[in-house]
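Chemist: What follows is the residue order along each chain.
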Amino acid sequence: MAFAPILRGLVWGALGFLLGGGGAVLVRLLLGLPAFQPEPLITIGYFPGLLGWLLGVGAWDVWAREWFGLPVRREAVYDWRRYFRFTTDHKVIGVQYLVTFVVLFLLAGFFAMLMRIELMAPGPTIMSAGLYNHIMSMHGIIMIAVAVAAIIGGLGNFAVPLLIGAEDMAFPRINALSYWLIPPVAVLLVSTFFAGGFDSGWTAYPPLSEVNAPGQVLFNLAVITFGFSSILGALNFLATILRLRAPGMTWRRLPIFVWSIFAASFISLTATQFLAAGLLMILLDREAGMTFFNAARGGAPLLYQHIFWFYSHPAVYIMILPAFGLALEILPHFSRKPLYAYPWLVAGFFGIVFLSFIVWAHHLFTSGMPDYLHGPFMATTELISIPTGLVFLSALGTIWMGRLRLKTPMLFALGFLFNFLIGGVTGIFNADVPTDLHLQDTYFVVGHFHFTIMGGMIFALFAGIYYWFPKITGRMYNETLGKLHFWWMFLTFNTTFIPMFWLGLFGMNRRIFDYPPALGSVNRFISISAFLLGSSFVVFVSNMVLSWARGPQAAANPWQARTLEWQVPSPPPVHNFPAPPQVVGHPYDYGFTNSVHALVGVSGGSGEQGVDTDG
Amino acid sequence: MGRHYLKAAILWILLTAIGEFLALRIPLFPTAAAEEARIIDSSFILLMILGIPVFTFVLAVLIYTLSTFRSREEAPEDGPPVHGRPAVALLWITITAGLAIYVIFNPGLKGLAELRANQRADLVVRVEGSRWFWKVTYPEYGITAREIVLPVHRRVRFEVTSVDVVHSFWVPAFRVKIDAVPGIVTRVFVTPTQTGTFQEDYHFRLQCAELCGLGHSMMTAPVTVLEQGEFDAWVGKAKP
Numbered sequence: 001m002a003f004a005p006i007l008r009g010l011v012w013g014a015l016g017f018l019l020g021g022g023g024a025v026l027v028r029l030l031l032g033l034p035a036f037q038p039e040p041l042i043t044i045g046y047f048p049g050l051l052g053w054l055l056g057v058g059a060w061d062v063w064a065r066e067w068f069g070l071p072v073r074r075e076a077v078y079d080w081r082r083y084f085r086f087t088t089d090h091k092v093i094g095v096q097y098l099v100t101f102v103v104l105f106l107l108a109g110f111f112a113m114l115m116r117i118e119l120m121a122p123g124p125t126i127m128s129a130g131l132y133n134h135i136m137s138m139h140g141i142i143m144i145a146v147a148v149a150a151i152i153g154g155l156g157n158f159a160v161p162l163l164i165g166a167e168d169m170a171f172p173r174i175n176a177l178s179y180w181l182i183p184p185v186a187v188l189l190v191s192t193f194f195a196g197g198f199d200s201g202w203t204a205y206p207p208l209s210e211v212n213a214p215g216q217v218l219f220n221l222a223v224i225t226f227g228f229s230s231i232l233g234a235l236n237f238l239a240t241i242l243r244l245r246a247p248g249m250t251w252r253r254l255p256i257f258v259w260s261i262f263a264a265s266f267i268s269l270t271a272t273q274f275l276a277a278g279l280l281m282i283l284l285d286r287e288a289g290m291t292f293f294n295a296a297r298g299g300a301p302l303l304y305q306h307i308f309w310f311y312s313h314p315a316v317y318i319m320i321l322p323a324f325g326l327a328l329e330i331l332p333h334f335s336r337k338p339l340y341a342y343p344w345l346v347a348g349f350f351g352i353v354f355l356s357f358i359v360w361a362h363h364l365f366t367s368g369m370p371d372y373l374h375g376p377f378m379a380t381t382e383l384i385s386i387p388t389g390l391v392f393l394s395a396l397g398t399i400w401m402g403r404l405r406l407k408t409p410m411l412f413a414l415g416f417l418f419n420f421l422i423g424g425v426t427g428i429f430n431a432d433v434p435t436d437l438h439l440q441d442t443y444f445v446v447g448h449f450h451f452t453i454m455g456g457m458i459f460a461l462f463a464g465i466y467y468w469f470p471k472i473t474g475r476m477y478n479e480t481l482g483k484l485h486f487w488w489m490f491l492t493f494n495t496t497f498i499p500m501f502w503l504g505l506f507g508m509n510r511r512i513f514d515y516p517p518a519l520g521s522v523n524r525f526i527s528i529s530a531f532l533l534g535s536s537f538v539v540f541v542s543n544m545v546l547s548w549a550r551g552p553q554a555a556a557n558p559w560q561a562r563t564l565e566w567q568v569p570s571p572p573p574v575h576n577f578p579a580p581p582q583v584v585g586h587p588y589d590y591g592f593t594n595s596v597h598a599l600v601g602v603s604g605g606s607g608e609q610g611v612d613t614d615g
Numbered sequence: 001m002g003r004h005y006l007k008a009a010i011l012w013i014l015l016t017a018i019g020e021f022l023a024l025r026i027p028l029f030p031t032a033a034a035e036e037a038r039i040i041d042s043s044f045i046l047l048m049i050l051g052i053p054v055f056t057f058v059l060a061v062l063i064y065t066l067s068t069f070r071s072r073e074e075a076p077e078d079g080p081p082v083h084g085r086p087a088v089a090l091l092w093i094t095i096t097a098g099l100a101i102y103v104i105f106n107p108g109l110k111g112l113a114e115l116r117a118n119q120r121a122d123l124v125v126r127v128e129g130s131r132w133f134w135k136v137t138y139p140e141y142g143i144t145a146r147e148i149v150l151p152v153h154r155r156v157r158f159e160v161t162s163v164d165v166v167h168s169f170w171v172p173a174f175r176v177k178i179d180a181v182p183g184i185v186t187r188v189f190v191t192p193t194q195t196g197t198f199q200e201d202y203h204f205r206l207q208c209a210e211l212c213g214l215g216h217s218m219m220t221a222p223v224t225v226l227e228q229g230e231f232d233a234w235v236g237k238a239k240p
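Quick note, the sequences are listed as chains A and E, same order.
One point on numbering: in our numbering, the residue at position 92 of the first sequence is 92, and numbering is uninterrupted.
One point on numbering: in our numbering, the residue at position 29 of the second sequence is 29, and numbering is uninterrupted.
In isolation and in its complexed conformation, chain E is listed as follows:
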């Protein structure tokens, strides 16, 4: 009896080790080009690290049970009459509750606090969705464009809205998403940390992520992150 527990535990540890190794080695994310992307990716990794032992625990019990506790066709019999002791259920609840509550705080509330820590912005960009294109305006410079161009290392506040149906503002390289809702202005902060263009990397794109009808999948706009000097040059050229 004790032997079974020991063998299953060894299997669990083995599977966990393999799982954690793979999770930390396999590239899980595309280009992370913003401070927000770093916070979100590290939340993801923490959840992976915590989730793998849970996954492998069940997997180990399944594999071990299936390989060991088969009924013999020639002599069918019943298993041990066990209803389960309250202590086991209580221990199980304590562990799952402990994990769930831990995850609420870290990465959940901690990540949220990091994402919202700084409410100041160096640059405001207004984004307006309409079927099926994005209109981007820079109120500071009086620029209207069909693309997003940003200076690197400057905190940007996007003010997002829609003129018709619900759209969603999503830049995969920045990891953030916020719906564009008619009648209200939604906000999201991004601090780009890496230069890049849509031509080099398709994750630098503004993609509509909320079903908006016929042209939904084509409702994209290129995103470019430039060095400050290049950005100033772009502003100079784009100004009306």
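For reference, chain A alone in the conformation it holds in the complex:
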């Protein structure tokens, strides 16, 4: 049965939950406390429940059995059912991630539509303030998860081993484990609707997050689980890129997307723990009566904000570095020119990684932290524009004098440049302490981060989806629908978010259910734009579904690109390459005569004579 592993995971998960929850009840009885308190019961029951789910869904069969001397059980499933299993093939895991996060993106986008309906006119429109706060918080955290994991987990998993000429990731079972940690995250977040919701945004600042409804506990558990998945994924990418590059794939020949995943993984591996620690401290405050953030009993609410942003600012570079990599991966192939200033760009990535760790307190300029910290954090923040500037140097140098092929992936990559430029320039206003005193926590900030994350990361994600669609599915998407999707989304995205800068300046703060009546007409305009933006995804989804089902067969290399993944059939065979490819040149050397990136299928002598095309 197709869904047997998932059903077994659910049953084992429920058993684990009952075991843990039962234990909690027992301990409470022994301590003489009221036995049935939902919050501690859920918190304690969750972890054995999670373990039960993971073992049941497949970790027991393909992994844990060998710890007890039993033979592992692997089914050879190669049809659609493999997507519902604890499969270890990186290409399957990539698709699992990608589809999951596109669905979550659409769900969180739907929440955004509900918010825009509510904000169409001042005063209550369709929902209560409490429900609005919950929907807004859900929109925030789900989109953050999408931004962190859609490119890395989805396209990174699919493409990185192919791009470096590897057979799979370094730790295929850990890879499957990182993916199967994601469904519990989604289930927990959706369950908050049955637990009173949570109204503290994705930032969960205490004391608010310690006094609100039990939904907050589910949120904390979800984000801690998600963080665990990120850390495991990052570990896997670092090991893969360090150890599994094909012969000749030197660091100077590494495709730029791989570099960006490497840089982002470094942040993921080393910063994510801080968020988990902060959320755990909130759980301990709530369930065990500890007082990390309780001012009345000696705690410090500001402490949380530092811990939170110590992860969450580097996290925006976990989101945007792979987006840089993806856009810059696509630009050379569709400009038919080498990637401009490649070594400088790589240095820029690592400049961003370094600086990302020392700018977190720019989120705290109005928090009441000591004044003398403002100057230093403003300075480090402004300095990030230097390595980020190298991304623009490289992008503009690549397209300048190129032979541009304006296919859908290229349009999205160029759209990324434009949007991220607005996101970057408006970021300066937030980094500057004097202007930030006014702009902090207003719609100016909402506009800014939607330009960087949606205009940047999400546009790059779509660029990548269209770019690798033929490789992933073996079929070609519809180019007309793709271009329609781009222009529709690009124009309505800009008309939705540009007016938000004005709103912020004119006194509309963020995360509000109601606003001064004078701001009604601009909000109505934004809402209508937002509905049009939302409807553009109908074009996207129908293109994807129809093309995957009935699109024309895709060639192995429809873009005449030089990188390794295009030198194998679409979709690639299970073990990717007939033999380890021999890398002999740069990946982006378009225009050089007789230049070759790699020899595929030669040393093994088994496969296609995949000598590199020169365009």
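Fair warning: there could be bad hints in the mix.
Claimed, not checked - Quick list of simulated restraints, FRET-style, between CB atoms:
#, chain 1, residue 1, chain 2, residue 2, range
1, E, P139, A, A121, 50 to 56 Å
2, E, H4, A, D79, 32 to 38 Å
3, A, L280, E, P139, 39 to 45 Å
Stated by the list, open to error - Just some of the chain E residues that point at chain A, by a computed CB distance under 7 Å:
#, residue
4, K135
5, T137
6, V176
7, I178
8, E200
Since the hints were derived computationally from the structure, they do not count as laboratory data.
Since the structure is predicted, the reported quantities are computational estimates derived from the model, not experimental observations.
Ideal placement from N, C-alpha and C gives every residue a C-beta, glycine not left out.
Using the hints provided, position chain E relative to the given structure of chain A.
Modeler: For chain E alone, coordinates are given in the frame of chain A:
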């Protein structure tokens, strides 16, 4: 080849001129009713003036590239094999670093110094946030109110705190914001320069700017700036 650079440069200059013209002509700010608002608005304008050429540079290259360097469908070919010279990257880094460092000093540190130059206050007003209303007290006069009333041209020190969750003190007409954090007292200075009331202009309002739960968006209080004589009269009436 040189022609392309020249044309793109002309496009850049043109776009910059249009951008600067618009930035200086379009009203960007609501009522500025305090000395702090003047400092903050002029910081904003300086950043606009500096940011527009950066924005239009990229925009000009994008527009020019898209309109000129298209691949011909009938005869696909590759572009020139250029990796980029170190000199260009170094020049680029020098310019971006120069801009970034300049912006740190002006308007950044300069604006901060102006905002913090004067630590004396003519009047102290304590503001306490609790879900979901503001309590305003004037220790000098023994007044407790649900609104902020200030005399014009007098430097005020707000001492802000919270009794429950984190709130944030924000008056859009003054441009300043400071969180109200339980357990600590935060401070912000404001020197009103213009009279006004919430009834005439919604930017004269104290708005909670940090998510604090159900009543967050409704957590406001009116702000009034009066001439000194009118303020004294208000104090006389409001005194218990």
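Chemist: It remains to establish, for every hint, whether it holds in the given structure.
Modeler: Against the structure, the hints:
1. E:P139 with A:A121: 50 to 56 Å: With a Cβ separation near 41 Å, P139 of chain E and A121 of chain A fall outside 50 to 56 Å, so the hint is violated.
2. E:H4 with A:D79: 32 to 38 Å: Because 53 Å falls outside the window, the suggested range is violated.
3. A:L280 with E:P139: 39 to 45 Å: The hint (39 to 45 Å, Cβ to Cβ) holds, given that L280 of chain A and P139 of chain E are roughly 41 Å apart.
4. K135: Cβ of K135 of chain E sits 17 Å from chain A, so the hint is violated.
5. T137: violated (19 Å)
6. V176: holds (5 Å)
7. I178: holds (6 Å)
8. E200: violated (12 Å)
Violated hints, listed in ascending order, are 1, 2, 4, 5, 8; each of the other numbered hints is respected by the structure.
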